[in-house]
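Visitor: Sequence:
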Amino acid sequence: MCRPRPHLRPEALPPMDNVKTIWDASYVLVQIGDYPLSFLELMGTLTGLAAVYYAVRAHIITWPIGILNQLFFFLLFYQVQLYSDMLLQLVFFGVSVWGWRNWRRGQQQGVPVGVLPAASRWLFAGVLVLGTGGLGAVMGRIHLWLPQLFALPAAFPWADAFTSTASVLAITLQARKKLESWWLWVALDVVAIGIYWARDIRFIAAQYVVFLLLSLWGWWQWRREIFPSPSPTGEGNQTSSNS
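One point on numbering: in our numbering, the residue at position 172 of the sequence shown is 363, and numbering is uninterrupted.
Just so you know, the hints here were simulated from the structure itself, not pulled from any lab data.
Each residue gets a CB set at the ideal place from its N, CA and C atoms; glycine is no exception.
Hints should not be assumed to be uniformly reliable.
Have a look at the derived ranges for each label pair, beta carbon to beta carbon [what the hints assert, rightly or not]:
1. Ala241 <-> Trp411: 16 to 26 Å
2. Arg295 <-> Asp225: 38 to 48 Å
3. Ala328 <-> Arg248: 31 to 41 Å
4. Pro344 <-> Gln222: 26 to 36 Å
5. Arg415 <-> Ser311: 16 to 26 Å
6. Leu262 <-> Leu407: 25 to 35 Å
Take these sequences, add in the hints, and give me the full structure.
Guide: Dropping the structure here:
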């Protein structure tokens, strides 16, 4: 039975005349206690968990599953006014196609997990700061510039911009099999938990708690592959041949 959620009143939703029933974020697929769970939220959660699990295992199937996840989240985030996250799914799609191709080539050539040189770490840190600032400023005013596409102001534009920028950098590093990708996933997972809980999409907030644990596991697994010795001398002393 379909009924709207408190934060997704029909009059507050952007017009989506061509999207009906299960593709509407206000369509309740199942009630879990007092929480109405939509089809989009459920499928986004399941595909997201599967994609991260296979990323931890460095299995190439993580990429096609991730593309499905991006489809579900694109539709969901548009309807709950998380515009940075919505646009992020388009970037994720492009990087996922590249990552899929890159890992296939890596399987053939035996490309191992690696770490970034110190200079590259500083470069990525600078991009994170600038990207968060620029995207946050844009998303904070996009409803004024494009009111027909974005009917309501963005929710948490700065925090959302941080998670979006960090996600792009993290998935790019993941496509290159760099250990630092997991550092970024851990940081953005912590912020995302607060954002999604505040937006009352708590099933996804709970998903990000699991993501956080998987990201810590992923860091440990990839680090162990790079430093098999029980007493490594330090991650910074080893860098991959490709920065």
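Visitor: For each hint, tell me whether it holds in the structure or not.
Guide: Hint-by-hint comparison with the structure:
{"no.": "1", "hint": "Ala241 <-> Trp411: 16 to 26 Å", "verdict": "20 Å, holds"}
{"no.": "2", "hint": "Arg295 <-> Asp225: 38 to 48 Å", "verdict": "45 Å, holds"}
{"no.": "3", "hint": "Ala328 <-> Arg248: 31 to 41 Å", "verdict": "38 Å, holds"}
{"no.": "4", "hint": "Pro344 <-> Gln222: 26 to 36 Å", "verdict": "30 Å, holds"}
{"no.": "5", "hint": "Arg415 <-> Ser311: 16 to 26 Å", "verdict": "22 Å, holds"}
{"no.": "6", "hint": "Leu262 <-> Leu407: 25 to 35 Å", "verdict": "27 Å, holds"}
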